[in-house]
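Residue numbers (this note's numbering), protein chains in the order written: chain A, 2 to 350; chain B, 2 to 350; chain C, 2 to 350; chain D, 2 to 350.
Cross-link-like lysine-lysine pairs, in silico, BS3-like; alpha carbons within 27 Å at most:
#: 1; chain 1: B; residue 1: K41; chain 2: A; residue 2: K7
#: 2; chain 1: B; residue 1: K349; chain 2: B; residue 2: K278
#: 3; chain 1: D; residue 1: K278; chain 2: D; residue 2: K349
#: 4; chain 1: A; residue 1: K7; chain 2: A; residue 2: K278
#: 5; chain 1: A; residue 1: K41; chain 2: B; residue 2: K7
#: 6; chain 1: C; residue 1: K7; chain 2: D; residue 2: K41
#: 7; chain 1: B; residue 1: K349; chain 2: B; residue 2: K274
#: 8; chain 1: C; residue 1: K278; chain 2: C; residue 2: K349
#: 9; chain 1: C; residue 1: K41; chain 2: D; residue 2: K7
#: 10; chain 1: C; residue 1: K278; chain 2: C; residue 2: K7
#: 11; chain 1: C; residue 1: K274; chain 2: C; residue 2: K7
#: 12; chain 1: D; residue 1: K274; chain 2: D; residue 2: K7
Incomplete in silico selection of chain D near chain C, CB under 10 Å:
#: 13; residue: L15
#: 14; residue: P18
#: 15; residue: L21
#: 16; residue: T98
#: 17; residue: G99
It should be emphasised that the hints constitute simulated quantities derived from the structure, not laboratory data. Ideal Cβ positions, reconstructed from N, Cα and C, are used throughout, including at glycine.
4 protein chains.
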Amino acid sequence: MSGSRKFTNDYSELCHPDVLAALSRAAEAGEQNTAYGLDKHSAAAADAIRRVFGLPDGEVFLLTGGTQTNMTVISYLLRPYEAALACGTGHINVHETGAVEGSGHKVITCPGRDGKILPEEAERLILLHADEHMVKPGLIYISDATETGSVYTASELLALRDVCDRHGLYLFIDGARLASALTAPGGDVTPELIGQVADVFYIGGTKNGLLSGEAVVFRDGSLCGGFRRHIKNRGAMLAKGFVLGIQFEALFSDGLFFRMAEHANGLAEGLRKSLRKAGADVTGSSPTNQIFVRLAADAAETLITEFGLERWEVHGDGRETVRIVTSFASDEESCRVLGERVAGLLRKK
Amino acid sequence: MSGSRKFTNDYSELCHPDVLAALSRAAEAGEQNTAYGLDKHSAAAADAIRRVFGLPDGEVFLLTGGTQTNMTVISYLLRPYEAALACGTGHINVHETGAVEGSGHKVITCPGRDGKILPEEAERLILLHADEHMVKPGLIYISDATETGSVYTASELLALRDVCDRHGLYLFIDGARLASALTAPGGDVTPELIGQVADVFYIGGTKNGLLSGEAVVFRDGSLCGGFRRHIKNRGAMLAKGFVLGIQFEALFSDGLFFRMAEHANGLAEGLRKSLRKAGADVTGSSPTNQIFVRLAADAAETLITEFGLERWEVHGDGRETVRIVTSFASDEESCRVLGERVAGLLRKK
Amino acid sequence: MSGSRKFTNDYSELCHPDVLAALSRAAEAGEQNTAYGLDKHSAAAADAIRRVFGLPDGEVFLLTGGTQTNMTVISYLLRPYEAALACGTGHINVHETGAVEGSGHKVITCPGRDGKILPEEAERLILLHADEHMVKPGLIYISDATETGSVYTASELLALRDVCDRHGLYLFIDGARLASALTAPGGDVTPELIGQVADVFYIGGTKNGLLSGEAVVFRDGSLCGGFRRHIKNRGAMLAKGFVLGIQFEALFSDGLFFRMAEHANGLAEGLRKSLRKAGADVTGSSPTNQIFVRLAADAAETLITEFGLERWEVHGDGRETVRIVTSFASDEESCRVLGERVAGLLRKK
Amino acid sequence: MSGSRKFTNDYSELCHPDVLAALSRAAEAGEQNTAYGLDKHSAAAADAIRRVFGLPDGEVFLLTGGTQTNMTVISYLLRPYEAALACGTGHINVHETGAVEGSGHKVITCPGRDGKILPEEAERLILLHADEHMVKPGLIYISDATETGSVYTASELLALRDVCDRHGLYLFIDGARLASALTAPGGDVTPELIGQVADVFYIGGTKNGLLSGEAVVFRDGSLCGGFRRHIKNRGAMLAKGFVLGIQFEALFSDGLFFRMAEHANGLAEGLRKSLRKAGADVTGSSPTNQIFVRLAADAAETLITEFGLERWEVHGDGRETVRIVTSFASDEESCRVLGERVAGLLRKK
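I would like the entire structure built from these sequences, with the hints used as guidance.
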């Protein structure tokens, strides 16, 4: 088993070889670039992103990590007495050590379904917060793919956009795994639709083959006049912004952005099928690079040890749900090994 | 002239070849590392730093940039009604777009001398703020090397430590250019002294040959119990913390940390001499990799265009001070070209 | 009906005549008092509070309103990455327009029962937040009486104190209606017990006969060294602090604090009985000055109009819950009028 | 001497008898008022203020104290990366324990003259902060009367307004002692001019005869859409807002607002004359209710003890400047006693 790769998450490896090659080329050429993100690589990356997402007037800013990006964007969009409305499972609500609240804003949550906010519950919460003794919902935060690997449909996104329009909220999409969502089997959301429905969204690089980096995209320049100062104020402006620029330039060359996600999604899809075939209890509705399997505790423990899986939930009946994540660096053979190991554990029972 | 390198700053290049090589090795090996800075490389880097700075019980945390680090450390050390005491020219006061205030804390300033705080003025300000209608000074912030390239002497650091001890303040050293300070010709400060006088300091990587990265060092574990959560709360925890770990591991191998700074300081020293010899008005007291030259406006303009120098100050008499910065990537030949160009411009007059 | 008083809330009237008399005496005497709460009246009030709550080393600070007090105390007690743990119905969670989050801290909520936190759910949430990617629960916030008029028993308070002790949290009691809780029929909590279980609590004046004012009490001086500066930093320090001092001095003279609450509780108890006798659907478990009645919509509407009742909840079946609140200024006759009106409305059906 | 009143400050007394009478009338009438500032008294006070300041579309909000008001308004007007520009002696810079910074905003200071900002230095600072690595000046904060008793002239105010217009800043006037400024002998500023030049200003009640209270005035409704939620978010919304409403209603009845300030200013003017006649070194340029006198240390000490004067400054030559403050409650006789005492101390020398 020891030869197999781990399936802990999609941020265990450094970066895709093409990304490293781009960095190496620039280093070896002895490039000197303008600092603070005002360099040619960042500009080229922004151009590519504008093209891919159909936003000729879009404005692009490169930051370093997901929590930083969520906090920086949300604290920029909201007035002090406004709140972000999110799904209870939303990353900003449960896995950012209170960064959004740390910037002064409440996160209002709704139960959602499959990690996704339902338009009707968003609307109900907005109406409930009409009272001035409560925070004012200022934006809807969604992640696509969600924290549990599910993806929004085009009609779900349009319905949330409609709620935002009718009540004067922004729609902000956390795209830490946006590539996974856009290449999910059966998905009907295009990059252009993301560009159309979101006031602001970000394109995750950390979880899709970069050393690190997230690209924040504003639909146009009307909203982001002070955003560069805000980035600096939040400690999120890199002196060597071109390190991000070079990576995003590579990411949007030759379709690497999509290819890496398709690779990870494809492996996950295959693994999911073989797990189901072996009788495994694959839970949730993720069509992306995350797989959730519910197992007897000892089987779960074995897989956690051997494949670095994350324990996702311990159930009342003693069984456990573990998470399998594929990435750009996962390979067929390791998936096969993992699939067989699960099958073997299930047979033993 | 066109073949010469620019002297704009020390963060125009990607990174030292040894740093890139370390990243490449890890990538090519297909390494999978534990996330969030809990990896073996970060641990090895921390060990090396503990050894170099003589802090066997020191705790090390790797962050991404200077403003982020200053804000994260300062907002961790202070209570809400406390302030940082800094030199008016201090980076946190003038070039961080209010990041420290953005985290809720006033920066109290004193004029200082040569970019350095005088112990007696620090003490005077502390006493002045005894009134509960004023903020309470909670820490002294200094940068070494300072923003104008000067360095503290051992006795100056000990005197500030003494002020802190007598009044119950922390001493925090911004070491964005700490390597420059420690290798400055004529300097008498050792890494061990930094470890001894500072409650917390950081070791700059961005301005000393890394892609990015700053290593925060707490003297021991008594003060940093919640610091990892705080890092996350500020949006400063990288998922791929090992990207920083690998770089700092390389930085503290084979003395690369010191060698790069010696290289830059040495070139600056040589350039400074030839500029003075040519009759240039070299101002300030920097023994490190920054050189400040006061010139007629047209000469300044020429150098800004040709060598990418930063315009530092415009004087009442129309003359201008420009800044020359050397780095790990600067070379003898470019320095020679720049020196001759200045000499030529001065002769023309 | 027009002659009856309204039952909207317990902060519609100015203040008890004894309180006004104390203010008038000081004004007419032409008193000049030391500013910022360092006056003799504030000192006398603190002494009285220390006696009543059995805290000879207690430290008392007088603030102006409930939201201000909650935010000021909570942001003082917590580190930036820490959170307050509260009941979902807690005032800080739903009726303070995000003031606690505005000061940088998440409010973690549990469902609770009757507006009260159950020790076991508090403990479960604390354990759940052991992960450093989540906020750290730093204090348990409870209100007594709660937002729905219920009161904690002595054993419930001791159990929460025990949870706090075992996990290193503070226990903070919002006593906006503490007098109501301490004088509730059937209650077993004494002032001394409050002083014993809470690290910090506050004694509400606004909802118990003062013009305004809340007295924050720290069990002893070990925790509040910087609290006066913090009060000032939050904009909560009154120049004329003696206006609060005079009122709290009066409040703790001749048992006025208890007498007013007993009066309001007693009237509510009587009204509750007559409502039940008339067949009204009195809901909840409040033994204090709040009464909740579930009625047909038209009956509810009538009472809202005639008696200024607050609409508390609209139910799925079209019925509505209205809230009746008595105060120091309520009188027997008005209660009788209200009781008969409800009875009449119920008969009409 | 013991019979004389103290001259410590203008917030040592409770309130003017007319203000207390208004409160008593409402209490004795058993009034029940709508909470949270939505009552008839607050509305009547707002009407009166709109009339006096010539702002038919003005919006008025009643808060409780000066620091609270400054912090609440400034944090409402500014974006997170913006700063307030103030005189170094400005109240927000030196006597609010960092409340503005606590809300996330830097205070940029200029030396000013006589406690007043010079338009040219404001402009210079604004231009200096064009760099995105510095905070963006978002408003100019002035106090009128200033902290040292001086007052702005109409042309000075218009010049600052002009700077604001040309650079897109708000002008915010801290009117803690606005009545003193408007009634200063020789002053040429009218209430209408204040209404015309300021985007937002506040009218101080605490230092002009109220128990407490400051009235924030927005020129019109275009700017204050979310201000009530912001007030609540900052902990500054009183449940019994009508206590402020009744007081401000009284303050703007029968010209009490102006009469009290004229009284205090007049007594100060007379005292100033007699002090000068006696040879006292009256410093500064205050035409309002603050007088600054420079004296030998022992004389200063005597006056501090006997008249409660505040020690304002200790000079290098050992002499001390003390501050004398008159208020609505000061009387001729006490002023005469103080004047004679100073004369006596000077003769003794």
